Amino acid sequence: MNDRARQATRLEAIGGRYDPWLLGAALALASLGVVMVASSSISQTATPFYYLIRHLMFLAGGLGLAVWAMRTELKTVEHYNQLLLLGCVGLLLLVFVPGLGVSVKGAHRWINLGVSNFQVVEAVKVFFIVWLASYLVRFRDEVNATWIAMLKPLGVVVVLVALLLMQPDFGSSSLLLAITAGMLVLGGVNMPRMFGPVLVGLPVLAVIAIAEPYRMRRLTSFADPWADPFGSGYQLTNALMAIGRGEWAGIGLGGSVLKLNYLPEVHTDFIFSVIGEELGFAGICLVIGLYALLVGRAFWVGLRCVEMRRHFAGYCAFGIALWIGLQSFVSMGVNLGLLPTKGLTLPLISSGGSSVLMTCAAMGLLLRVSYELERAQRQVALRGELQAGAEPATADMPADAPASAPAAASSAAPAAVAPVRGTSRLRQRIEPIFGRTA
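If you use this note's numbering, the sequence shown corresponds to residues 1 to 438, in order.
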């Protein structure tokens, strides 16, 4: 085996490392979620731990998906980007298939998998982020230079949003649009060109928001929830009372009163209010800090990937960071009365099968990005060490070579140097040696 083959073998043998900050933040949020789901749902059914057991089962399934994603090469994921886009459209259409789609409170957002219902938009978020990351890699220069390349992903997301609004799901539609805009900006789109679609899209979203009476009621109740505390403002007033009761240190784990059939969706959409009531301001700061660590570290990993020209990995990290950051911000903002009520769960904390499964899968993909980044950094470092420690070509001569060997090496110098013209560092290292020998 020649030196180059041995070096290639050594480079391929190098492994990476999963980012400990990402892994620690995700595990901390998931662990906190188990505790709070147990506390908030204990009085919701006749079986005290029904929702906890259900949550742990989905968490175990999510852990399996995360491990699978962590062990899958990103180039394999990127290879199936077109199928993932088709999967987005197909999943959003399945909810309208009779017998397969499930309607809950007038919304067609779920499909029946037999053992449980699955909310398809959770999978669409992951699939679309991967597809858009691949698109930005394939058309990176065109996205910045031409209108058509920038408008194509916007057209795709408009189709997905139209299908979501038919369900209807305004919250997820807005989230998907925000993720798309953020990834395009981070992907290098020409910023002045982005103003046009934004100026057109915002009024359209505003019209859609106020067109439905129930959305209009949410907006008016958000502005003054105490005007109708037993009607349209019921959720928000109870959420605010729960957070207010917690004060600085909380009333103690398991001591929430508002979870006792006062606050609706207490283990899903409004679990943050129970955290505020039982753990107080300190608990709220802990949750916000963990999300800030997770999202900030994901952005850092994505930036390092882009700097190393691993653009697909970097854009995947950016997309997942935008998703987790925006969804957690909206969920906490709703509980704190800063945003109108939306049916978005708190990632990794709220109970909910579909959300838990796909958020864990996204965390596995993000950890895979960090693994391949670390591996690439180690390979670059080893390659530099191997190049720096390479022996001159004349060092391979046997000690008993005849005296004419140097001259022969000198005469063969042009032929030996020619193959390495493309490697400037190697050429600079070898040519002066031959020059002195001559």
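Since the hints were made in silico from the structure, they are not lab data. This one's a predicted model, so the numbers in the text were calculated from it and none came from an experiment. Glycine included, each C-beta is placed from N, C-alpha and C at the ideal position. Incorrect hints may have been included.
Quick list of the computed label-pair ranges, beta carbon to beta carbon [said to hold, decoys possible]:
{"no.": "1", "residue 1": "A162", "residue 2": "L219", "range": "44 to 54 Å"}
{"no.": "2", "residue 1": "Q387", "residue 2": "A209", "range": "51 to 61 Å"}
{"no.": "3", "residue 1": "M216", "residue 2": "A381", "range": "53 to 63 Å"}
{"no.": "4", "residue 1": "W300", "residue 2": "M216", "range": "50 to 60 Å"}
Unmet hints by their number, sorted upward, for this structure: Hints 1, 4 contradicted; others consistent.
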